[in-house]
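Those protein sequence lines, which keep their order, are chains D and G.
Oh and the first sequence: position 67 is 66 in numbering that gives the first Met the number 0, straight run, nothing missing.
Oh and the second sequence: position 141 is 140 in numbering that gives the first Met the number 0, straight run, nothing missing.
Simulated from the structure, these hints should not be mistaken for laboratory data.
Each hint should be verified, as a subset may be incorrect.
Stated by the list, open to error - No more than 30 angstroms apart at the CA atoms, straight line, and that leaves these computed lysine-lysine pairs for DSSO-like: (1) G/Lys450 - D/Lys73; (2) G/Lys254 - D/Lys151; (3) G/Lys575 - D/Lys215; (4) D/Lys420 - D/Lys332; (5) D/Lys151 - G/Lys575; (6) G/Lys73 - D/Lys488; (7) G/Lys575 - D/Lys575; (8) G/Lys261 - D/Lys124; (9) G/Lys359 - D/Lys575; (10) D/Lys73 - G/Lys488; (11) D/Lys137 - G/Lys137; (12) G/Lys137 - D/Lys151; (13) D/Lys26 - G/Lys488; (14) G/Lys577 - D/Lys488; (15) D/Lys575 - G/Lys73; (16) D/Lys73 - G/Lys451; (17) G/Lys63 - G/Lys17; (18) D/Lys577 - G/Lys215; (19) G/Lys17 - D/Lys575; (20) D/Lys451 - G/Lys215.
Claimed, not checked - Stretches of chain D that chain G covers, calculated by requiring three or more beta carbons in the stretch to come under 8 angstroms of a beta carbon on chain G: (21) 37-47; (22) 100-109; (23) 188-202; (24) 302-313; (25) 538-549.
Predicted, not measured: the structure shown is a model, and the values here were computed from it.
Where is the CB? At the ideal position from N, CA and C, for every residue including glycine.
The primary structure of each chain is shown beneath.
Protein chains: 2
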Amino acid sequence: MLRSHTCGALNIQHIGEKVSLSGWVQKSRDLGGMTFIDLRDRYGITQLVFNMETNTELCEQARKLGREFVIQAKGEVAERSNKNMKIPTGEIEIIVEELNVLNQSAVPPFTIEDETDGGEELRMKYRYLDLRRNPLRKNMELRHRMSIETRKYLDSQNFFEIETPYLIKSTPEGARDFVVPSRMNENEFYALPQSPQTFKQLLMVAGYDRYYQIVKCFRDEDLRADRQPEFTQIDCEMSFVDQEDILDTFEGMAKYLFKTVKGVEVEDFPRMPYSEAIKLYGSDKPDIRFGMQFVELNDVAQNKGFKVFDDAELVVGINAEDCATYTRKNLDKLTDFVKKPQIGAKGLVYVKCNEDGTFKSSVDKFFNQEALKAWAEKMGAKAGDLLLVLSGEGDKVRKQLCELRLEMGNQLGLRNPNVFKPLWVVDFPLLEWDEETERYHAMHHPFTSPKKEDIELMETDPGKVRANAYDLVVNGVEIGGGSIRIFDKELQAKMFKLLGFTQEEAQAQFGFLMNAFEYGAPPHGGIALGFDRLVALFGGSDSIRDFIAFPKNNAGRDQMIDSPSPIAEEQLDELKLKLVKE
Amino acid sequence: MLRSHTCGALNIQHIGEKVSLSGWVQKSRDLGGMTFIDLRDRYGITQLVFNMETNTELCEQARKLGREFVIQAKGEVAERSNKNMKIPTGEIEIIVEELNVLNQSAVPPFTIEDETDGGEELRMKYRYLDLRRNPLRKNMELRHRMSIETRKYLDSQNFFEIETPYLIKSTPEGARDFVVPSRMNENEFYALPQSPQTFKQLLMVAGYDRYYQIVKCFRDEDLRADRQPEFTQIDCEMSFVDQEDILDTFEGMAKYLFKTVKGVEVEDFPRMPYSEAIKLYGSDKPDIRFGMQFVELNDVAQNKGFKVFDDAELVVGINAEDCATYTRKNLDKLTDFVKKPQIGAKGLVYVKCNEDGTFKSSVDKFFNQEALKAWAEKMGAKAGDLLLVLSGEGDKVRKQLCELRLEMGNQLGLRNPNVFKPLWVVDFPLLEWDEETERYHAMHHPFTSPKKEDIELMETDPGKVRANAYDLVVNGVEIGGGSIRIFDKELQAKMFKLLGFTQEEAQAQFGFLMNAFEYGAPPHGGIALGFDRLVALFGGSDSIRDFIAFPKNNAGRDQMIDSPSPIAEEQLDELKLKLVKE
């Protein structure tokens, strides 16, 4: 080893010891006759000292070291006169006796500091330098820690980690597959898995009882911000369970992670039906760190002569407590916010509940004090509160109000990233109607089972059928979801029919799974959690990119290695492929 | 849960308890008025009892159950009169009071028993049924256990598991890449990684100090038996280390695995130079569970008038102890063995060291007793031993004798799969000459560093340069290998030149790595272990296929899901690709 200790290991107890350290030059300061160097590695920073008087040659050498040079220093641990109690090594320094330059470094294109001067583009290109910065190093360590603890928990619950294949088969259903041409099987292709869904179900048929895998999945989608073409899932499946067993098991896992990784004890997760989530929060992934639940106002706000409300399917508001002090300017900003094209509201109605018991609203013309008082009562508002009301077509206005609620949560500091409020959203609809193709799609996927009591509705009113499907939502972010699967081939056939598959299509795409179900499939269900997002959540960030060592940009490119790239003619020939050039 | 206990949980202490079990019908026996069913799940087998007299209806139901039906049984735990002490549940049975058929099963195409009647092809097609068999279940459990323990060890040694990307860049060097057309980047391709080599080196440049990953890798090779297009590696890299540090760390890991998983204490691993391995065993992966080392006989066997030997570059033999009793027929078989086209020897010379001190050889015509005695002495043979001697061109004859040695090891029962003899083969040559392209190839890979003391030879005699490269070999199987890397860009440039890369080619292929080395690359090195093979070794098998849940066949096909397969025209259009049909 080129070191006796790491740069995070030495403290007051090592004083007088001869040590050798290796690492990077973080910073260098010449102070009169002394040169101080902060030596950095993954474990910390240790101060090196060179004295011009006692060792001129060595000190001169040290003065020539540039930022990010890799060096080895040997010397004696000494107590610092000027202690830095913020870091574990801050009480000591190394009086250097020997210095070896292991490698030089060009001047990095941006500073290797917690707050860097490098732009996104530059940092992506030099990702290996960006990864040297503390915040990213901490993220990678967090990710490692979480994967270890996840495995520990699942292992303790008798789950086997079983690797499923990456070279599988393309299925037209769902998002686009990445495909991989096969050289040995001419004109045929593998596909990269969007998830190990069918394989984990086959493992249940195979009797493995409890399966998990922390696994890469692939989706060739047009990338929105914060989506990656390859992403990581904690993928799980269990046999002989019902929905509650799965929720219990993975609530247990989440609590275990919060406890061991964040040191946070989280309360039992509430379970909220999908319909309630939509009604109270306008979203299937409500942020319940704060209240501000939706209150429907149709009965008190309609038929008072305000045409906008009277024509609306839904009039719905939220109560922003203690916000009656919002100024005209604040309110205009909120109005601009809801009118943004991404949100698309026509306008915003407000009611201030003044301290003196009167009300001031943007629709005073149509609503007298008594009418506004009825709103306030319905919304449980007290003096000093601010009511914000939207109206329009039901689904749309709920989405708009959801955005407004989150914005108010931000403005009022109610969305503290160090507070964690998980919940289960349950009873999702089995199907959703797709206007474009004029047919039903599986809301979760085609193997999701309907609730027993709703099976009849599959014939009469498919849109009303609720599924044994659930999402884990934390702080307004969907962390994962799953379902109890159909394990009966007749029910599965019925489901495929509802989704508009012919028997032949179903057989061609899912034949191997349906065949497997002929041989004693157990009742089973599972869940998949987005690992990138879970780590980002634990790291207190909305963005997953800085929790992935080598992410791709929004065009799906790795800017560091400059990929994808053209391949050689011979490679194409071997694969029996020709490019279509435009 | 559809059970209170698993089928492996109940024993004498549960007698009298009401329980419910779920699982598969392994076997059913009707004995007079009783029906016995062996109920199976991942955890074990529990006997269910139905009594025709006391519960006729239930017993009749039970008699209708077919093999592999999935059932739930509720009843009371009772002591068995006819105990089976071979299984943990063998002292009890369940007097069934309620029986629910959870799913039926068609008759499986082969028996779900330790020894099945299904052929390879059938078992691959119905892999989910094959996986139900005990031997495969145990293999999957072993694999899970080994991955957990590997991670535990590496975590305890401060390694971070860091995920590297799967969609990377194609490099013409080495084996063929699988490529992935990019839809968003027209006419460009990703490649699937053959290993995370460059990324792990970049992580060292990034200061991560100790990295590991249990990761899938991909190689589009013509598949020999027991190769898979996708395979799993334990991939590791460390900074500020020399070769000994890496050997120590991973010897520690291997010992830890042998201990925790197999309960075996393994001695310190010997370190054998490559040249010695070739000289003594004719192989860079010697099986040292037994001796039978090569002895070169040129000085005692040449110039005695036997032209075959006189013309040979090398005459070399092994001593098969106590085998002088081999019959004519045995010896003919051995001769046939070495003359097989895969081995290619012209013939086999033997010498029997008779108990009476005389010698009997196949070349008595050319060698008198005294001459043969000289051989025996040189080979340390005693009365009762059998000498087996081959001759020819050095490299070729060593390979042939290596095969013969292993065959003798098999015949003599010296290759016990429950005995583990690991060793490090070290000091591999840096380069190997490729006759076809008439240039040097990197024996390990282009980032492997030469031994300091051999650097001069890079100019004068490149073939002689030894590398800081090492393989971990266990029982004649190469489990993994690695090297100390070049971290100096000038040495790297020299290496590329030796390998016949122009500067432009090197820049195009490895530019991002070489650029990264400009910014303070630390000394580093690593290793990659073949996880499939390691698990197979622990499982006592030569074949990796039964240690992979869903393997592919020799044509790279997954016979269960019938992949690869044609894809839709629209998919090709979106990817701007055309098939070349022949």
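Status of each hint after checking the structure:
1. G/Lys450 - D/Lys73: holds (25 angstroms)
2. G/Lys254 - D/Lys151: holds (21 angstroms)
3. G/Lys575 - D/Lys215: holds (26 angstroms)
4. D/Lys420 - D/Lys332: With a Cα-Cα distance of about 29 angstroms, the restraint between D/Lys420 and D/Lys332 holds, given a limit of 30 angstroms.
5. D/Lys151 - G/Lys575: violated (45 angstroms)
6. G/Lys73 - D/Lys488: Given that 30 angstroms is the threshold and the Cα spacing comes to 25 angstroms, the pair holds.
7. G/Lys575 - D/Lys575: Holds - the C-alpha atoms of D/Lys575 and G/Lys575 are around 14 angstroms apart, at most 30 angstroms.
8. G/Lys261 - D/Lys124: Judged against 30 angstroms, a Cα distance of about 46 angstroms means the pair is violated.
9. G/Lys359 - D/Lys575: violated (61 angstroms)
10. D/Lys73 - G/Lys488: holds (25 angstroms)
11. D/Lys137 - G/Lys137: violated (38 angstroms)
12. G/Lys137 - D/Lys151: With a Cα-Cα distance of about 20 angstroms, the restraint between G/Lys137 and D/Lys151 holds, given a limit of 30 angstroms.
13. D/Lys26 - G/Lys488: Since the Cα atoms of D/Lys26 and G/Lys488 sit roughly 24 angstroms apart, the hinted pair holds (cutoff 30 angstroms).
14. G/Lys577 - D/Lys488: violated (38 angstroms)
15. D/Lys575 - G/Lys73: Roughly 59 angstroms separates the two Cα atoms, so the pair is violated.
16. D/Lys73 - G/Lys451: Holds - the C-alpha atoms of G/Lys451 and D/Lys73 are around 23 angstroms apart, at most 30 angstroms.
17. G/Lys63 - G/Lys17: The hint holds at about 24 angstroms.
18. D/Lys577 - G/Lys215: holds (28 angstroms)
19. G/Lys17 - D/Lys575: violated (64 angstroms)
20. D/Lys451 - G/Lys215: Given that 30 angstroms is the threshold and the Cα spacing comes to 40 angstroms, the pair is violated.
21. 37-47: Satisfied; 4 residues make the cut.
22. 100-109: The restraint on the stretch 100-109 of chain D holds, since 6 of its residues have a Cβ under 8 angstroms from chain G and three suffice.
23. 188-202: That given contact holds, which follows from 8 residues of the stretch 188-202 of chain D lying within Cβ reach (below 8 angstroms) of chain G.
24. 302-313: violated (count 0)
25. 538-549: holds (count 3)
Consistency with the previously given hints fails for numbers 5, 8, 9, 11, 14, 15, 19, 20 and 24, ordered from lowest to highest.
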